[in-house]
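There are 10 protein chains.
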Amino acid sequence: MADIKILETFPNPAPARDYVIEHTHHEFTSVCPITGHPDFADITVRYVADKICVELKSLKLYFHAYRNEGIFFEAVTNRICDDLGKVLNPRSLMVISEWKARGGFTSRITAEWKRKRKS
Amino acid sequence: MADIKILETFPNPAPARDYVIEHTHHEFTSVCPITGHPDFADITVRYVADKICVELKSLKLYFHAYRNEGIFFEAVTNRICDDLGKVLNPRSLMVISEWKARGGFTSRITAEWKRKRKS
Amino acid sequence: MADIKILETFPNPAPARDYVIEHTHHEFTSVCPITGHPDFADITVRYVADKICVELKSLKLYFHAYRNEGIFFEAVTNRICDDLGKVLNPRSLMVISEWKARGGFTSRITAEWKRKRKS
Amino acid sequence: MADIKILETFPNPAPARDYVIEHTHHEFTSVCPITGHPDFADITVRYVADKICVELKSLKLYFHAYRNEGIFFEAVTNRICDDLGKVLNPRSLMVISEWKARGGFTSRITAEWKRKRKS
Amino acid sequence: MADIKILETFPNPAPARDYVIEHTHHEFTSVCPITGHPDFADITVRYVADKICVELKSLKLYFHAYRNEGIFFEAVTNRICDDLGKVLNPRSLMVISEWKARGGFTSRITAEWKRKRKS
Amino acid sequence: MADIKILETFPNPAPARDYVIEHTHHEFTSVCPITGHPDFADITVRYVADKICVELKSLKLYFHAYRNEGIFFEAVTNRICDDLGKVLNPRSLMVISEWKARGGFTSRITAEWKRKRKS
Amino acid sequence: MADIKILETFPNPAPARDYVIEHTHHEFTSVCPITGHPDFADITVRYVADKICVELKSLKLYFHAYRNEGIFFEAVTNRICDDLGKVLNPRSLMVISEWKARGGFTSRITAEWKRKRKS
Amino acid sequence: MADIKILETFPNPAPARDYVIEHTHHEFTSVCPITGHPDFADITVRYVADKICVELKSLKLYFHAYRNEGIFFEAVTNRICDDLGKVLNPRSLMVISEWKARGGFTSRITAEWKRKRKS
Amino acid sequence: MADIKILETFPNPAPARDYVIEHTHHEFTSVCPITGHPDFADITVRYVADKICVELKSLKLYFHAYRNEGIFFEAVTNRICDDLGKVLNPRSLMVISEWKARGGFTSRITAEWKRKRKS
Amino acid sequence: MADIKILETFPNPAPARDYVIEHTHHEFTSVCPITGHPDFADITVRYVADKICVELKSLKLYFHAYRNEGIFFEAVTNRICDDLGKVLNPRSLMVISEWKARGGFTSRITAEWKRKRKS
Numbered sequence: 008m009a010d011i012k013i014l015e016t017f018p019n020p021a022p023a024r025d026y027v028i029e030h031t032h033h034e035f036t037s038v039c040p041i042t043g044h045p046d047f048a049d050i051t052v053r054y055v056a057d058k059i060c061v062e063l064k065s066l067k068l069y070f071h072a073y074r075n076e077g078i079f080f081e082a083v084t085n086r087i088c089d090d091l092g093k094v095l096n097p098r099s100l101m102v103i104s105e106w107k108a109r110g111g112f113t114s115r116i117t118a119e120w121k122r123k124r125k126s
Numbered sequence: 008m009a010d011i012k013i014l015e016t017f018p019n020p021a022p023a024r025d026y027v028i029e030h031t032h033h034e035f036t037s038v039c040p041i042t043g044h045p046d047f048a049d050i051t052v053r054y055v056a057d058k059i060c061v062e063l064k065s066l067k068l069y070f071h072a073y074r075n076e077g078i079f080f081e082a083v084t085n086r087i088c089d090d091l092g093k094v095l096n097p098r099s100l101m102v103i104s105e106w107k108a109r110g111g112f113t114s115r116i117t118a119e120w121k122r123k124r125k126s
Numbered sequence: 008m009a010d011i012k013i014l015e016t017f018p019n020p021a022p023a024r025d026y027v028i029e030h031t032h033h034e035f036t037s038v039c040p041i042t043g044h045p046d047f048a049d050i051t052v053r054y055v056a057d058k059i060c061v062e063l064k065s066l067k068l069y070f071h072a073y074r075n076e077g078i079f080f081e082a083v084t085n086r087i088c089d090d091l092g093k094v095l096n097p098r099s100l101m102v103i104s105e106w107k108a109r110g111g112f113t114s115r116i117t118a119e120w121k122r123k124r125k126s
Numbered sequence: 008m009a010d011i012k013i014l015e016t017f018p019n020p021a022p023a024r025d026y027v028i029e030h031t032h033h034e035f036t037s038v039c040p041i042t043g044h045p046d047f048a049d050i051t052v053r054y055v056a057d058k059i060c061v062e063l064k065s066l067k068l069y070f071h072a073y074r075n076e077g078i079f080f081e082a083v084t085n086r087i088c089d090d091l092g093k094v095l096n097p098r099s100l101m102v103i104s105e106w107k108a109r110g111g112f113t114s115r116i117t118a119e120w121k122r123k124r125k126s
Numbered sequence: 008m009a010d011i012k013i014l015e016t017f018p019n020p021a022p023a024r025d026y027v028i029e030h031t032h033h034e035f036t037s038v039c040p041i042t043g044h045p046d047f048a049d050i051t052v053r054y055v056a057d058k059i060c061v062e063l064k065s066l067k068l069y070f071h072a073y074r075n076e077g078i079f080f081e082a083v084t085n086r087i088c089d090d091l092g093k094v095l096n097p098r099s100l101m102v103i104s105e106w107k108a109r110g111g112f113t114s115r116i117t118a119e120w121k122r123k124r125k126s
Numbered sequence: 008m009a010d011i012k013i014l015e016t017f018p019n020p021a022p023a024r025d026y027v028i029e030h031t032h033h034e035f036t037s038v039c040p041i042t043g044h045p046d047f048a049d050i051t052v053r054y055v056a057d058k059i060c061v062e063l064k065s066l067k068l069y070f071h072a073y074r075n076e077g078i079f080f081e082a083v084t085n086r087i088c089d090d091l092g093k094v095l096n097p098r099s100l101m102v103i104s105e106w107k108a109r110g111g112f113t114s115r116i117t118a119e120w121k122r123k124r125k126s
Numbered sequence: 008m009a010d011i012k013i014l015e016t017f018p019n020p021a022p023a024r025d026y027v028i029e030h031t032h033h034e035f036t037s038v039c040p041i042t043g044h045p046d047f048a049d050i051t052v053r054y055v056a057d058k059i060c061v062e063l064k065s066l067k068l069y070f071h072a073y074r075n076e077g078i079f080f081e082a083v084t085n086r087i088c089d090d091l092g093k094v095l096n097p098r099s100l101m102v103i104s105e106w107k108a109r110g111g112f113t114s115r116i117t118a119e120w121k122r123k124r125k126s
Numbered sequence: 008m009a010d011i012k013i014l015e016t017f018p019n020p021a022p023a024r025d026y027v028i029e030h031t032h033h034e035f036t037s038v039c040p041i042t043g044h045p046d047f048a049d050i051t052v053r054y055v056a057d058k059i060c061v062e063l064k065s066l067k068l069y070f071h072a073y074r075n076e077g078i079f080f081e082a083v084t085n086r087i088c089d090d091l092g093k094v095l096n097p098r099s100l101m102v103i104s105e106w107k108a109r110g111g112f113t114s115r116i117t118a119e120w121k122r123k124r125k126s
Numbered sequence: 008m009a010d011i012k013i014l015e016t017f018p019n020p021a022p023a024r025d026y027v028i029e030h031t032h033h034e035f036t037s038v039c040p041i042t043g044h045p046d047f048a049d050i051t052v053r054y055v056a057d058k059i060c061v062e063l064k065s066l067k068l069y070f071h072a073y074r075n076e077g078i079f080f081e082a083v084t085n086r087i088c089d090d091l092g093k094v095l096n097p098r099s100l101m102v103i104s105e106w107k108a109r110g111g112f113t114s115r116i117t118a119e120w121k122r123k124r125k126s
Numbered sequence: 008m009a010d011i012k013i014l015e016t017f018p019n020p021a022p023a024r025d026y027v028i029e030h031t032h033h034e035f036t037s038v039c040p041i042t043g044h045p046d047f048a049d050i051t052v053r054y055v056a057d058k059i060c061v062e063l064k065s066l067k068l069y070f071h072a073y074r075n076e077g078i079f080f081e082a083v084t085n086r087i088c089d090d091l092g093k094v095l096n097p098r099s100l101m102v103i104s105e106w107k108a109r110g111g112f113t114s115r116i117t118a119e120w121k122r123k124r125k126s
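Just so you know, the sequences run in chain order D, F, A, R, S, Z, U, V, W and X. The first sequence maps to residues 8 to 126 in my numbering. The second sequence maps to residues 8 to 126 in my numbering. The third sequence maps to residues 8 to 126 in my numbering. The fourth sequence maps to residues 8 to 126 in my numbering. The fifth sequence maps to residues 8 to 126 in my numbering. The sixth sequence maps to residues 8 to 126 in my numbering. The seventh sequence maps to residues 8 to 126 in my numbering. The eighth sequence maps to residues 8 to 126 in my numbering. The ninth sequence maps to residues 8 to 126 in my numbering. The tenth sequence maps to residues 8 to 126 in my numbering.
Don't read these hints as lab results, they were simulated from the structure. Glycine included, each C-beta is placed from N, C-alpha and C at the ideal position. Hints should not be assumed to be uniformly reliable.
To be verified - What follows is a list of derived Cβ distance ranges for each label pair:
| id | chain 1 | residue 1 | chain 2 | residue 2 | range |
| --- | --- | --- | --- | --- | --- |
| 1 | S | Lys121 | R | Ser99 | 24 to 34 Å |
| 2 | X | Ile11 | U | Arg98 | 53 to 63 Å |
| 3 | V | Thr42 | A | Asp57 | 25 to 35 Å |
| 4 | A | Arg98 | V | Glu119 | 24 to 34 Å |
| 5 | V | Arg98 | X | Asp57 | 51 to 61 Å |
| 6 | V | Ser65 | A | Asn75 | 47 to 57 Å |
| 7 | X | Ile11 | W | Ala72 | 33 to 43 Å |
| 8 | F | Arg124 | A | Asn75 | 49 to 59 Å |
Said to hold, decoys possible - Keeping only pairs whose Cα atoms sit at most 27 Å apart, straight-line, the calculated DSSO-like set for lysine-lysine is:
| id | chain 1 | residue 1 | chain 2 | residue 2 |
| --- | --- | --- | --- | --- |
| 9 | D | Lys67 | D | Lys93 |
| 10 | F | Lys107 | V | Lys121 |
| 11 | S | Lys58 | R | Lys93 |
| 12 | F | Lys123 | A | Lys93 |
| 13 | R | Lys58 | A | Lys107 |
| 14 | S | Lys64 | W | Lys58 |
| 15 | D | Lys67 | W | Lys64 |
| 16 | V | Lys58 | X | Lys123 |
| 17 | A | Lys107 | A | Lys58 |
| 18 | D | Lys107 | U | Lys107 |
| 19 | R | Lys123 | R | Lys12 |
| 20 | R | Lys58 | A | Lys121 |
| 21 | S | Lys67 | S | Lys12 |
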């Protein structure tokens, strides 16, 4: 089970600057919840860190944890977006999933995380 | 006959977020209404769901139903746009058809669906 | 001689919507008016139709009619733009010509047609 | 020596329209002023003509004249921009030089010419 | 050790114009500070020079000096950005690092340098 | 129904020479006999003509006739090979079908026709 | 567990001809037996059928069965080759596995099956 | 009319060596003898010169002379082969024509010229 | 220092079959022995194992050990070939190094290892 | 003037093995002896060294020396082949020149050097 506890972080080395970090995982695979057939995607995480950055190896293990989970394209993209938002509380965050050919289709889902304003 | 009754839907798993869903069908084929020759296209459906999403397998069957229909590039693109707008009532929707070489030409038609404002 | 009488039209199937039609001809050829050597280009016609659309086969024949005409890159692009504007009276129109290698150069000319406002 | 007297012009065939002319020379070569080694670039000239256009063959000869000149990337791009601005007095003008690999680097210089306003 | 003293400069040949200089180094390599494994990147430096430009060969030597340094993706990108900002004091500056495949991931870090306003 | 009577021929213009003719059809489509789903392929016909050549437009119509036929990859490739062998009686003939992605697979079938020796 | 009982066959539709069938699976994934990390490959099966052909959907399911198996590149390629040889007893057979990037490496293993001669 | 008198030659600069000369013309165009529509091809001439080589500019003019000639793919390839064989009497010669998309087809014709043995 | 003691092996899982193993390392780097500048290459090792195979992670570490060694293209290719031949004593072995751009050149060195015949 | 005295050599580091060395220069330029226009080519030198190898930097300088020489494609390829054969006396040698677009043509010349047998 993909669990946000897998995700590790390290302090942002340049917190005074708004700069963009983008990691693309080219080996994401999960399972169709209806047919049980495997799905394959490239997942891109693009964010501006605030206090912490996500550690790359832990992000890989977090993605590997979806390997045998049955979940729809739309749902998994939003869940990754929610999980990373919760762990990193970044200045901004976008998650893009690009799904390989299935039944003559390719698909792309793009979700953006909105930081809650301090009141 | 391509009929919107073929299209099935499922509840949007993240209705609180405006996120973009994009499906590209690489195997669309219909027939020229004048010459009877086959036409081939990639059809992209890009939308922000409101309450429901289109189910991918039913979208494939809906597209397959055009296989032997005689219809112009401009007309079929607008019809797909109208059909998906009616079924999904999405927050926004765009349909793009990219037609393979015919007589030395490639063509692309881009139609956008406008949601009716509640009065 | 390329003559706008070659161009045929059909009624816009979706006049209520502003949608974009783009045809790219990959086999345009004319002749250099100075050297007599052949020139080759891809010509893209991108427009938003108003009442009528251009029929694709007649557009091909209109382009074929330039085969042995001596005319400069800049002039032919503007002439096609004027001709299609006159015949279609579209909501908007752009013509792009991309010329193959000649003397180590490639060239691209981009012309936009402006609709006359009704007074 | 590259001299603007090499450049020839012809009257703009469509002066009533603001349209974009873009010529890319794929065979530009000059010499490094320090090491004497050859440099290679693609040079793009993009402009909106006013009264005159640059004749393509003369532009080629103008570029050939840099073949054995020792000049830095930054300097040659600005000089071409100045020369073409002076000869054409165009509505707008941009020159882009893209330099092939040298010591593991590729480089791109982009300069824009500003027309002097009539007072 | 990568040291800004390695960087050499020359006077901007066209200081009256805001033009863009972009150098991409395709052979950057450093070392992962945790595993000791080599990392590889393309590093792009894009800036508008003020009084001085960076000399290309010295920039290469500055990048070579990272060859055996253990440093994270995020840290090295920000450090290069700081170093070049300090040496060049340019009108604007952006540094982009694009990292080759590591554990199924590619990464891209984009940092922008802000000139201090004169008070 | 695909019928060899659709195929038309013309006399080989150079019967004294063994030369190779190769036609690739990029728009072949038939139907899976089990699921009824459409299949798409590029079909290449490579042959050395003896007395006659196949006329290209009739070959297109012959391929179009498979549009709604349910037939396996292996069977259709061999049937095209048999049909063209019978009609052309060429000096040699090879048929290659390359099938687009289906369930994560691409496939290629290569069949060669052997001329019967005169006894 | 990948089991040859998953594999289904159908009669060769053209047993009188030696023709080549090639299926490439682009979504093969197994697990490294040492690190537990996923591996990804394209697997090509190229064979000349004798009495029977392998059914494509069953071949997909057979490949899916490796999804969570820990097995080396060299071992899995030879095992697929042995399994298909046993089930199909083809006139000839070759299996090629092409492994995606792992630690800066790509790999390719090519195994050929030899039919036992009847004595 | 394409006439072999257009072709000019120059003495082979290295007659003692059998070396291969290959010229590919990317801008060949002729006309379909049935429909009158233009055809486009890349034509490659590959030969081992004996006493003379073909001059490149004259070869271009010879190819240009086909611009408005109605002739089939198979016939024009053989005719070019015969013409060049007659003019050059080379040690060996091959002509390959590769035709752009027409009705969903691409085609390639390959003809080899055989030198007559001295008796 | 690159030392063959770094290389680890495991038993060939299919010693009864002559099959081909090919590993390509895309991140090889060494240093020019004259200028001290870094060189970059793809190194391919292609072999038919006899009793043992090379373990992939140890091969990576063996290649990493060249990172700061000054050695010519020709010498390093032959040394890798000798080292792997000595460690694996394979049925056959080929090493190919493909060097990235240096001074406008790319280079490729191909060395084959010959097994000593038992006498 | 290109002179073989520019070429420097070093001892073959593995004379006991027949291995292939291939250098491709991507920045060759000379001048057309008739029109004076520049020509551009990729030149590949592929050889099996005997006692000596050609030093890469001197080979670059030797190629640079053709920059302003007027010489035909066929002649320069054979001259390079002769020069390198004379200097290296290799076990085998091939020179391939691939010329960029000129008048719609690309060209390739391939010359092989034959070692004189000792009598």
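Results of checking the hints against the structure:
no., hint, verdict
1, S:Lys121 / R:Ser99: 24 to 34 Å, "holds (29 Å)"
2, X:Ile11 / U:Arg98: 53 to 63 Å, "holds (56 Å)"
3, V:Thr42 / A:Asp57: 25 to 35 Å, "holds (33 Å)"
4, A:Arg98 / V:Glu119: 24 to 34 Å, "violated (56 Å)"
5, V:Arg98 / X:Asp57: 51 to 61 Å, "violated (29 Å)"
6, V:Ser65 / A:Asn75: 47 to 57 Å, "violated (22 Å)"
7, X:Ile11 / W:Ala72: 33 to 43 Å, "holds (39 Å)"
8, F:Arg124 / A:Asn75: 49 to 59 Å, "holds (55 Å)"
9, D:Lys67 / D:Lys93, "holds (17 Å)"
10, F:Lys107 / V:Lys121, "violated (40 Å)"
11, S:Lys58 / R:Lys93, "holds (25 Å)"
12, F:Lys123 / A:Lys93, "violated (34 Å)"
13, R:Lys58 / A:Lys107, "holds (26 Å)"
14, S:Lys64 / W:Lys58, "violated (50 Å)"
15, D:Lys67 / W:Lys64, "holds (19 Å)"
16, V:Lys58 / X:Lys123, "holds (23 Å)"
17, A:Lys107 / A:Lys58, "violated (34 Å)"
18, D:Lys107 / U:Lys107, "holds (15 Å)"
19, R:Lys123 / R:Lys12, "holds (22 Å)"
20, R:Lys58 / A:Lys121, "holds (20 Å)"
21, S:Lys67 / S:Lys12, "holds (13 Å)"
Comparing the model with each earlier hint shows violations of hints 4, 5, 6, 10, 12, 14 and 17; every other hint is respected.
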